[in-house]
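> Got chain Z sorted already, so can you dock chains C and H onto it with the hints?
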Amino acid sequence: MTAPGKDHDAEKREDEALKARLEKLQSAVSGARGGIQAEEKREEAQMAAGQDNGRMMSLAFRMVSDLVGGILAGVGIGWVLDRALSTSPFLLILFSLLGTAAGFYNVVKAASPPSKTGKDALPPEP
Amino acid sequence: MAAEGGSAIDPIHQFNIVEYGAVDLFGRHFAFTNSALYMLLGVGLIALVMIYGSRSSALVPGRMQTLAEMAYQFVAGMVRSSAGEAGMKFFPMVFSLFMFILILNIIGLIPYTFTVTSHIIVTVCLALIVFLTVLVVGFAKNGLGFFNLFLPSGVPWWTLPLVVPIEIISFLSRPISHSVRLFANMLAGHITLKVFGGFVVMLLGAGGWAIISPLPFVFIVGLMALELLVAFLQAYVFAMLTCMYINDALHPGH
Amino acid sequence: MADTKPGAPTAHATQDAGGHKAGFPPFDAATFPSQLLWFVLAFGALYLLMSKVALPRLAAIIDNRQNKISGDLDNAALMQKQADDAAKAYEKTLADAKARAQTLGQEASARAASEADAKRKTIESDLNAKLAAADTQIAAAKAQAMGNVEAIARDAAAAIVQQLTGKAPGADAIAAAVAALKTS
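Chains as they are written, first to last, in the working numbering: chain Z, 2 to 127; chain C, 1238 to 1491; chain H, 22 to 205.
Chain Z extracted, bound-state conformation:
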């Protein structure tokens, strides 16, 4: 009488152990998937946070050089055209002004945040 009873108990215990292992496996599998996704998300967030300072700095670099670049481009074009057309100072003055405007225009473009999303939304338009 005692032997079968013991057997039954052992079986039951084994069953429960199996079930526990199954559950652990399940949670491990879904955990691995979720973990990978969570890690990716965390990395992205970290990158975004870490880049914030750098982004501001790089934006500042961009703005300054965009302004200077615009003015230089205007002056250069004016000077070349002046020499080619021998209209001495007039085109230089005109294009310097346009170049300055272009420089500020560059800065405004660089400063407006929706430029990227606007471009992303663009492809279906044409």
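A couple of the hints might just be wrong.
[Claimed, not checked] No farther apart than 27 angstroms at their CA atoms in a straight line, the calculated lysine-lysine pairs in the DSSO-like style are these:
hint	chain 1	residue 1	chain 2	residue 2
1	Z	Lys110	C	Lys1431
2	Z	Lys25	H	Lys109
3	H	Lys119	Z	Lys13
4	C	Lys1326	H	Lys89
5	Z	Lys13	H	Lys73
6	H	Lys113	H	Lys89
7	Z	Lys42	H	Lys89
8	Z	Lys13	H	Lys109
9	H	Lys89	H	Lys102
10	H	Lys188	H	Lys163
[What the hints assert, rightly or not] Label-pair restraints from in silico Cβ distances:
hint	chain 1	residue 1	chain 2	residue 2	range
11	C	Leu1463	Z	Phe91	38 to 46 angstroms
12	C	Gly1281	Z	Met58	28 to 36 angstroms
13	Z	Pro90	H	Ala50	58 to 66 angstroms
14	C	Leu1399	Z	Val76	17 to 25 angstroms
15	Z	Ser28	C	Val1297	46 to 54 angstroms
16	C	Gly1382	H	Lys73	28 to 36 angstroms
[To be verified] Under 8 angstroms between C-beta atoms, here's a sample of chain Z residues computed to sit facing chain C:
hint	residue
17	Trp80
18	Leu99
19	Ala102
For the record, the hints were derived by calculation from the structure and aren't laboratory data. Computed from a prediction, not measured in an experiment: that's the story for all the values here. Cβ coordinates follow ideal geometry from the N, Cα and C atoms, glycine included.
Then chains C and H, alone, in the frame of chain Z:
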């Protein structure tokens, strides 16, 4: 010796081009210089990391492979986020530009080295590569539709005579600002570092004043950290703007 | 000494040394052709190495890893599902077996109960029959005994009356008297 002592403080001396040998071809003077040496050194270093790092397709990467993969993922993410999947065709170009600028900027920060990117001819070449790529791709992909880039939408028609020239100048100013930014940042950073380094040397040689020589030294350490950040940021900005310009070439019109 | 130095002053270097006014080196156009040449060579080499060797290899490695990871995860999920199914099937057979055992037990006990019932019933009816038979026997015996008693009583009554009165009573009178007694 005296001349060298003087040149250690001269902040411009570090930008001198030194020739190691030269040939004159087509009436031009071609020389192997320190600039060429550092360019080859930088390319060699990148090639070492990227090619040695990708030699085995180990699932669990080694140190070198991790570095190579990090660089790859970083630039690939940048290209994908600002130029889209279509921009991935230009990924090797953006990657080469980014790594080239980054490595040469960083090598230049080591004392007594030469900074290739502090010479405007190099940065102009880099910017022209991007500019010409944008032009070629823009016209090849959109034909004359590429001129839409100069026609901003949502502007009253009577302002067009003013807006279009501004847009054109703005477009033409891109390679200028692109190259001048990198050049000026590297130049200014290195001059500043050199000047403060010169202070330390001067104070050390000035008897009693040697006591306060650590002060500019501390400053140099901070400056060095800042320059390291700038070296990275300049490469980043250059690559980022390249991606944005390529995006413009792929999808002109605002 | 000057010969061993790699940076021996050449035409351009002397021009530089000829006075620092000769220029700010980055703007010194005399160095441009060589810089250009070496830039093109170096950058071209870099581009070729990256686009033809390093980047495709890295892309393959990263792709491979991504596929491997997702494949492994899918595999694990599949195995887990299989294990789950096996566990479910096992539980189901267990439950079935239990249920069958229960029904079997119930059936057995029901059958046993009905059998016992039937047996009890036959025994009971047997007993009843026997009881009834005994009852009738007793009744018959009683009736017989009663008949005997009447005759005896009548005889006795006749004897008593003869003794008392000296005269034998009529059989009719005795029978009436006995009947009256019996009814009372």
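> Compare the structure with each hint and give your call.
Now the hints, each set against the structure:
1. As the CA atoms of Lys110/Z and Lys1431/C are separated by approximately 36 angstroms, the hinted pair breaks the 27 angstroms bound.
2. In summary, the hint linking Lys25/Z to Lys109/H is supported, as the alpha carbons are separated by about 16 angstroms, within the 27 angstroms threshold.
3. At most 27 angstroms may separate the alpha-carbon atoms for a hinted pair to count; Lys119/H and Lys13/Z meet this at roughly 14 angstroms.
4. With a C-alpha separation of about 25 angstroms, the suggested pair Lys1326/C and Lys89/H falls inside the 27 angstroms cut-off, and the hint holds.
5. Under the criterion of a C-alpha separation no larger than 27 angstroms, the hint pairing Lys13/Z with Lys73/H is inconsistent with the structure, at around 62 angstroms.
6. Taking the CA atoms of Lys113/H and Lys89/H, the gap is near 35 angstroms; set against the 27 angstroms cutoff, the hint is violated.
7. Taking the CA atoms of Lys42/Z and Lys89/H, the gap is near 20 angstroms; set against the 27 angstroms cutoff, the hint holds.
8. Straight-line distance between C-alpha atoms of Lys13/Z and Lys109/H comes to about 15 angstroms, which keeps the hinted pair within the 27 angstroms bound.
9. Restraint check for Lys89/H and Lys102/H: the C-alpha separation of about 20 angstroms stays at or below 27 angstroms, so the hint holds.
10. About 33 angstroms separates the Cα atoms of Lys188/H and Lys163/H, which puts this hinted pair outside 27 angstroms; it is violated.
11. Between Leu1463/C and Phe91/Z the CB atoms are about 44 angstroms apart, so this pair conforms to the stated range of 38 to 46 angstroms.
12. For Gly1281/C paired with Met58/Z, a C-beta distance near 30 angstroms keeps the hint of 28 to 36 angstroms intact.
13. A hinted range of 58 to 66 angstroms for the beta carbons of Pro90/Z and Ala50/H is inconsistent with their spacing of about 26 angstroms.
14. At about 18 angstroms, the CB distance of Leu1399/C to Val76/Z agrees with the hint of 17 to 25 angstroms.
15. Remark: the range hint 46 to 54 angstroms for Ser28/Z to Val1297/C is contradicted by a beta-carbon distance near 24 angstroms.
16. At about 32 angstroms, the CB distance of Gly1382/C to Lys73/H agrees with the hint of 28 to 36 angstroms.
17. At a threshold of 8 angstroms, the smallest CB-CB gap from Trp80/Z to chain C is about 13 angstroms, leaving the interface hint violated.
18. Here the hint on Leu99/Z is kept, as its CB sits about 5 angstroms from the closest CB of chain C, short of 8 angstroms.
19. Given hint, Ala102/Z at the interface with chain C, holds; its Cβ is 5 angstroms from that chain's nearest Cβ, closer than 8 angstroms.
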